[in-house]
Structures are given as structure tokens and as C-alpha cells.
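Top to bottom, those sequences are chains A and B. Quick note on UniProt numbering: the first sequence kicks off at 1 and runs consecutively. Quick note on UniProt numbering: the second sequence kicks off at 1 and runs consecutively.
One should not assume that every hint holds.
To be verified - The calculated label-pair distances, taken between Cβ atoms and stated as ranges, are: (1) 287/B <-> 149/A: 20 to 28 Å; (2) 153/B <-> 153/A: 52 to 60 Å; (3) 469/B <-> 149/A: 35 to 43 Å; (4) 325/A <-> 224/B: 56 to 64 Å; (5) 95/A <-> 412/B: 52 to 60 Å; (6) 469/B <-> 176/A: 54 to 62 Å; (7) 332/A <-> 330/B: 58 to 66 Å; (8) 263/B <-> 277/A: 23 to 31 Å; (9) 146/B <-> 477/A: 20 to 28 Å.
Unchecked claim - Covered stretches of chain A, as calculated for chain B (at least 3 residues, CB under 8 Å): (10) 3-17; (11) 98-112; (12) 243-255; (13) 404-417.
Said to hold, decoys possible - Just a few of them, taken from the derived set where beta-carbon distance is under 8 Å, the chain A residues facing chain B: (14) 147; (15) 150; (16) 215; (17) 235; (18) 364; (19) 365; (20) 367; (21) 389; (22) 390; (23) 394; (24) 445; (25) 498; (26) 512.
If you're looking for bench data, these hints aren't it; they were derived computationally from the structure. A quick note: this is a predicted structure, and the numbers were derived from the prediction, not measured. All C-beta atoms in this analysis are idealised placements derived from N, C-alpha and C, irrespective of residue type, glycine included.
Protein chains: 2
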Amino acid sequence: MRRWNGWGDDALGMTLNDNAIAMLTERVGAGHKVEDASLESVLAQVPPSPLAGQHGVDISPRARYSVALGESYPDWIKKRFGVAVPVPDGVVYPETSAEVRHWLDRAGEQGWQVIPYGGGTSVAGHLDCPAGSRPVLSLNLSRMTRLLHLDQGSQLATLGAGAPGPVLEAQLRAHGYTLGHFPQSFEYSTVGGWVVTRSSGQQSLRYGRIEQLFAGGRFETPIGTLELPTFPASSAGPDLRELVLGSEGRFGVLTEAVMRVSRLPEHESFHALFFPDWERAEAAVRELVRAKLPLSMLRLSNAIETLTNLTLAGHADLIRWLERYLGWRGCPVGDKCMLMLGVSADRRSAAQALASARRLSRQHGGVYIGRRMGDKWRDNRFKGPYLRNTLWEHGYAADTIETAVDWPRVKPLMQAMEQAARDAFAEDGERVHAFTHLSHLYSQGSSIYSTFVYRIAPGGFAPNLERWRRYKARVSEAIVSHGGTISHQHGVGSDHAPYLPAEKGPLGMATLAELCRHFDPQGIMNPGKLLQDPPR
Amino acid sequence: MRRWNGWGDDALGMTLNDNAIAMLTERVGAGHKVEDASLESVLAQVPPSPLAGQHGVDISPRARYSVALGESYPDWIKKRFGVAVPVPDGVVYPETSAEVRHWLDRAGEQGWQVIPYGGGTSVAGHLDCPAGSRPVLSLNLSRMTRLLHLDQGSQLATLGAGAPGPVLEAQLRAHGYTLGHFPQSFEYSTVGGWVVTRSSGQQSLRYGRIEQLFAGGRFETPIGTLELPTFPASSAGPDLRELVLGSEGRFGVLTEAVMRVSRLPEHESFHALFFPDWERAEAAVRELVRAKLPLSMLRLSNAIETLTNLTLAGHADLIRWLERYLGWRGCPVGDKCMLMLGVSADRRSAAQALASARRLSRQHGGVYIGRRMGDKWRDNRFKGPYLRNTLWEHGYAADTIETAVDWPRVKPLMQAMEQAARDAFAEDGERVHAFTHLSHLYSQGSSIYSTFVYRIAPGGFAPNLERWRRYKARVSEAIVSHGGTISHQHGVGSDHAPYLPAEKGPLGMATLAELCRHFDPQGIMNPGKLLQDPPR
């Protein structure tokens, strides 16, 4: 069963080995363990609903609380510390676009506000419930998960927008297809959520970002239905799909998504290479991506992340062997950076691409160490978030912040993000273990994905929120001042909304506000997300 | 010097060989030659300008007429028959974004309407000048052609939006880079025009459509400046670049375009293959594009286009040899379809991709005939439009219509487009020589590009316009009824505006109208383009 106050299925736990705990103790100090609130205690705080008696609306505290929070750090500590939070006043479970239409119309008539709910995996506060006087209805799309149509001739699959990764892939795989979209949240996040937050998956190098996979569909807005027909490409005016992508529930609700799928690849494998230092590793990946080799993944860890990953992996024998081998091949152990590389193609193309990538990497001092670590990565590709549970149980908090920036600023921004966090914690007399990888590479630049592990603060919810706020602001300011986007793959939500004007500019923000007013003249849709203030 | 009433430089002419003329005579009848109007006669019809005396505004008839028409068939016959047309009342030649800003502000204050002008190559009526009472100012961007900045670290080039293909490529090539965007109009069309009409180039398979190449820039709108910063990718809300792409002068003027450029490829070559029939050829190209082989171009001609191209090429010896060779290799001569295939990469990748493509084509009966025809294609890649001049001199009109549609409808729509034209001409007692190729291939579907050659009608401008209107409407209706987009690469303009609601839907059209009102509250920008009626 899904954990109510942590990541994932409660039948699955990850353990931290002794070396990992020793590393954390050395780097940030002994963990500060806290006691979790019980689900009963938080449910007891849910107030009575003004929607009581409304036909078809679930007003149970359990249903309402379950859609009130996502997986951001603030949401996480609200659950762990059992803080009372505003929750939607009712939840509905539409099964069709017509039912979504019905609830939007009803909300408009009644003056309710509406928050669409997909998989609840937002890490940017997309589910924050306003505390105002208007009733809030949660549109839970968890019953819209079906593969409605598969057009094999055009390789287009029409899916219920609430389909989470495994449900979606299982239905496609039965026909020999894959969407190829694998964000780390894959187990719970939904295709509709991916589209409206502009998500990107681990193998986007082959399959593209969600923008490239989203071909059309059905979008229900307060003022009517936007039907997006499918074309392979078009020059017929502005592309209206782009108003759905990134709309984050402000303009309407995506109910059916037509997605570009692919035949399952004949061959897929993941491979590890090590580089002596960041400079050479970055030069290699930049060249790899610009050579347009048909790879499916490039994922470059900086030296601290490489060390962290090896420590977490915990196979002392493997690591000893690896370090001996790297030393023998001329790759010094200290600053080594690991590159994980994926190929997904027909056997011949995959072999050629891998060979070309190895050849090119060698010119930058890269040492290929084979598939063993790649296999391990693949087996654990969605398990990273489970470690957050384990860390919390050991008294540590974990958070991630990501961006994307043009190549000349990748290294400076990566360093600035880690340093900004260290500085923010230092003011508190604390330390943070910060490490980073590049997960989505482009000719122009790269995403930067940093993880921050630090001790839980004593004193409960408020000091922990304060600690997070300070460091999050510092890192976000570093991103903005280096010309990075406030999010490469997690969207804006509430948490990133203050930083959006820096990249959209005044006219851009006014345009987004105008689109809100256009699609949602009564201002009922997902208030406060994307745009900080209700644009009216 | 550029021809005033036909395509291209008047120092360059194409000839039609006897076989080609015989083919046309057999297929549509003897050409009906007409006498062209003189430039003097059309300039004499230009009325006095209400902008006389405005500082910095060129009101000469020559300047005004030269920006009044593009290269669509209606525009072509207006020039050839010397018809009086509404022309802008003045032309300005801004050299900077600030000067564009100045003219937009001035137009707003004075109640003038504004038509931006790039290379004048529109084939969809993007330059149509309204005949109303408000003065019309043409913003001619031909002095904004410089490479303003080249950031080699991120492979981003900032260009004046008025830079035409050769000027742009020459500046990039001096540094070892290419944009890789080669539409057939390359010699005259501009980077700004490519962006605002969502253009696609011949090698989009490698370099992407203009949407993928456009990273950001500066967009001057009547209500202010939209600055689009560059990110390799972003999930921070709707992508505002997408409102510039396809805006066709309705929302503002792109003044500086930041484009993603690439190092010049180590190797580039073009190769021809022949398939016994359309079915096998289509199956092969579908598989080629879905295999994601690193090719730079796929261009498949149907049997009539293949025959036409071979006849035009006119090398009787080559064709005899080719047909004998194809027969010996088991590829029957009658229905053969030619595939032109490009590779642009490092030598090794290019060789591997070509070998894979040949192997895969062989499985579908494809016969590889080497580089000779590919070299010929490359040499003439931008010369196709020159033939239109020659055909006209022989008494024939040539026009093209293009779309894109999902794979299951590619062949039916291709046939329907050609048949719709044949039917429309038959009602007139005329015949049309119609042939088609697929030039931009996607996993989901393909563009369809049809050429129509028919006799000039006797009786001057009116019957020729009427003949075109009837056939254009029939073919456009075939496109819409088969679920194709009204344009894959030429945009909407005036000519396609009536068909836009079929794909955007009522809410989509209302949204575009709302965006017009937002960016252009006084309705001064490029009236009648994209949206048929002024949206107010």
C-alpha cells in the first residue's frame, strides 16, 4: 500500500549500509531522529466540509487529506509532523471527459475552486489548497487510466490522463510499444501530470521530453473544450498544445492525452564510464550529445555524487576492484566522475553507438567499466526516492533542486547551487551534504540536478520549514542569477512561482495572466500555482 | 538582380528540355503564352501616399510595390498581368530593435497599420495589404541581417531577424558553424520569417524544424518588448517562444533571433534509391524514420514525380542506363519511386547510417544507385522555383500545396489532393499535371508536398485567379477532410486562414483572437493574416 507520509509502497524499504551512515555522520553530523505523527491524528484535524450532501462528492477526511499534499519538502514535513493544513472540501473521481466537464461546470455555477490531482508526486507545491472562504473541489483523475485507443499505423496512443507510469507502460507493452517516458517518479506520476508540468524522463535523449511525446488530446477548460487534433508537424499558427504543456491546472484539465509511442527497442543496456575529473567528463558529454549519436541516456555525476553513489552501493569488493582498475587505467580515484550511458535501439545501431561513445570518451580520459553498474542502475532507477524514507528514519532530511542552463554556465551554476546551500546551512551552524548530476543533456546546455542531505532540525515543524525556506531561496537565487530556468523538469507550482517573473519578464507574466483570465474568467482553477497571485 | 515578377536572380535561368515540353504538351496540352506587364506600368498605378512628408518613410512607388506581394500564385499573376493592388503607403528600414520599437510606437500613436516584411517569399499571402482607410506602413527588415553574437560555448547565434539564408550561413560558416535550415526559398527567405511562419528545412531530419532551432530572442509587440531568454529546456510554465512561432506578424515583430547552430558536419552526401512501387517505398521510409537512424534527409517522390524529375533532368543516357540497371535489379520501371537520402555527420556515423539505411531499404525492394543523382539534387536544391519562371514563359503555371498528416492517411490524402486538382480542372475542360513527394518524415506521419502544373488560362488575370481559387479550395478541402494540417511549412497567411478553424476549433480560434487583442489592442498588426477577420 502506498505510504501516506513518505515515498512509495510500504512493502518496499531501502537500507543504508554502515559506510553510508558513517559518511553522513562525518559530513553533516549524527542524525536527529523524530517521531512521526499518526495518520489518525492528522485526519482528526480535517474540518467538516461545506460540500456535505453534494451528490457524488467524497467528503471523508481520508480522501480529502490524501489529495492535499504532494512530495515537496514542505509537504513532507507537514505529513511527518502532523501539521494541520487546508485540505480540499471534497473529492470527485471522474471516469470520463464528460464527467470532468460536468464538475467544471458545476464548480463554475457554485463558485467552487478546483484542484486537479494526478499522482500526487509534485515536488513544487502544485496541490497547495487555498485557505480562503470558497469551497475547494479536488478532481482526482485516478479512475481515468485506460489505454483508450492505440493507432499502430501512426504510433499514437490515446490514454486517460490519470494513467500512472506502470499502468500506462503495461497497457502499451501488451502491444509491443513503449512511451519511453521514465521520470524518477514513474511509479506514481501520471501522463496528464507529465504534460501539464512539462516533465522529462531518464531516456529523453532518445524519446524526447514530454513536449515531443504529447501529440494532442482533450483539454477541458472552464469556458469549453479544447480539442487538439494530431499532426506529425504543422506550421498553421501558434501550436495550442504548448498552452496545455506547463499549464499546471490553471487553464483547465487535460483528460485524454494522445501520445507518440515507439516499438519496444530490440536492445537496451546501460553502461558506466569514469572520467578523471569534471572538466574532462563535461567536455566528453558535450561532444557526445553534439555528435547526435543515437544514445538513450547520458547521466554524469560530479565527484561528490560519484563517491556518494559508490558508498551507497556498498559493495566494498566491487569498489575496491573498481578503484584498482581505474588507477591502473590512469583515472585517479579522488575526483573521478561517473557517466551512466544508455543505448536503446536495434542491436546493430546500439552496438555502433556504444562503440562510438566509448571511442569519443577515451579521447577525454574516460574509462569504460562495462555493464555491471549500469544493470544495477537500471534495477534501481525508480528506487532513489525510497531512500528519503530511510534517511528520515535515521534523522536526515533529503531534498532536490534542479534547473537547466547553457553550457558555459553549467559548472559555475552547479558549484553555486551547492555553495549557496552550504552557506545557508552554515548560518544555522549546520552542514549539508550536496551532490549533483547532469541528467538531461542538450547541444546548448544541460539540466543540473542537485541533492541536499541535512539533519532534521530539533523543535518540530516550524524550524524545519524555516531551514528549508532559507536554503531553497538561496539556491533558487543562485539559479536565477546564473541565467538558469527555475525548473527543468518539475514545474512551477507554488514553490517556484516567485522566481517565474525573472525568466518570463513583465510582458510574459502579463500574457500568462491574460490566458488565465481567458480560460478561467471566474478564477476557479488551481489558485496560486504558476502565477503567484490570482491574476485579477 | 532579383526579378520583380518572378523567382530569383535574373542572371539565372533554367531551361526546359524538349522531352519535358513534350511531356507537358501530352499531359496538359500546349502552353498558352501571355505577355507580361512592365514594371513601369504597375508602378504607375501606385497611388499617392498619405504618409508623404513623414520623416524616414520611403514613399516611392518602387519601394512600396516591392513589399506589397509575395510568391503565392495570386501574387504571381498580379505581377505578371500588372493588376493594380493595394500597396503599403510607406516603407521603413529599421536597423535595430530600438528602431522597430520606435516605428511600432509611432504607428500606434498615428493609427497606422503595420506589415512586417522579411524576404517576400510567402506563398500564402502573408503580405496582403488591406485596402481600408488607415495608412499602412511596411517594416522592411532587410537592414537587420547581422550575426550579432556567436556563443560557441552554447552553440547559440544571435541574428538580425532579417538575415536571409545565404547571408546567415556565410556569417556562421566563417566560424565553422551552420544553422542547417534549408527551405527551398533559402536564397531569399529570412530567419525571422522562418520563425514566425514555423518553417521547415530540407534537412530537418537532422537539424530539426525551426521550432527546435529557435532558442529565444527579442520580440517587439505594440504593448512592449518580450525578451525570451535561452534555456536548453525548461518546465517553467507555458513556453512563450511558442507564441512567437507562427505569430505571422499578428502579435509583434521578431527583431533578434537566437538560434541553435551546429558545427559544420565532417561529411555530407546525398544518395538515391529506387523502389518498385509506392507501397514498398512508404513502408521503407516509415521504418527508416522510426529506426531513428542519424540521417539528415529523406525525400520520397511518387511515381509521377519520379518520372517528371527524370524527364526534367534530361540526361537520356543516364536514364536509359538507370532503367536498364533497375530492371536488372528487379525494380520495374513503371511505378518506380525515387528516394533521396542525406547523411550529414562525422565520417564513421555517416557511413554506418547509410549502410543501415541501404540494408533496411533492400528488405523493401529498394535499389541503391549511388551518389550521382544525389550530387545533382544538391547542386539544384534551391533552383526548383526558377523553373516556375521558365514554365510561365512556355505558357504554363506552376503552384504547390503542402500539408502533413498521420501515416495511415498519407497515401489516401496524397491521392485525394492530386485527384481534387484534376477534378477541379476537368470542370474547366482542362488538365493538370500533379505530382507529389514526402519531404519531412516523422514517426507519426509525413508532410505531403504536391506540385501542380497547368496551362495559363486565356483572358488575363480574372480567369486565372478564378481557376486557381477553385482548385486551391478543392485541394484544401481534401486536406481538411482527411485530417491534414492546412500547412506543414508555409504558414497560414491570408490564403489558408479560412481553413484554420477546422484544426484549431472554436476555443482555439477564440484563444488566438484573445492573444491578438492582448498584444495588439489597437489592431495595427498585419491585419487579416492567420485570423481571417480582425478579432475585435
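With 8 Å as the cut and Cβ atoms as the points, is residue 390/A at the interface with chain B?
-> 28 Å, violated
Report holds or violated for the interface hint on residue 512/A, using the least CB-CB distance to chain B and a cut-off of 8 Å.
-> 6 Å, holds
Assessment of proposed distance window 20 to 28 Å (beta carbons of residue 287/B, residue 149/A) = 23 Å, holds
Satisfaction of the residue 394/A interface hint, Cβ to chain B closer than 8 Å = 31 Å, violated
Go through the hint on residue 235/A and say holds or violated, using the shortest Cβ distance to chain B against 8 Å.
-> It holds, given that the least Cβ distance between residue 235/A and chain B is near 4 Å, below 8 Å.
Would the stated hint for residue 445/A survive a check requiring a Cβ distance to chain B of less than 8 Å?
-> 4 Å, holds
Hint check: 8 Å Cβ-Cβ cutoff, residue 365/A to chain B | Violated. Min distance 20 Å.
Against chain B, does the stretch 243-255 of chain A show at least 3 residues with beta-carbon separation below 8 Å?
-> holds (count 5)
Per the CB criterion, is residue 147/A less than 8 Å away from chain B?
-> 17 Å, violated
Has the hinted range 20 to 28 Å been met by the Cβ atoms of residue 146/B and residue 477/A?
-> 35 Å, violated
Distance restraint hint 56 to 64 Å, applied to the beta-carbon atoms of residue 325/A and residue 224/B | 59 Å, holds
Evaluate the given range 58 to 66 Å for the C-beta pair formed by residue 332/A and residue 330/B.
-> 60 Å, holds
The structure does not agree with the numbered hints 2, 5, 6, 9, 10, 11, 14, 15, 18, 19, 20, 21, 22, 23, 25 stated previously, though it agrees with the rest.
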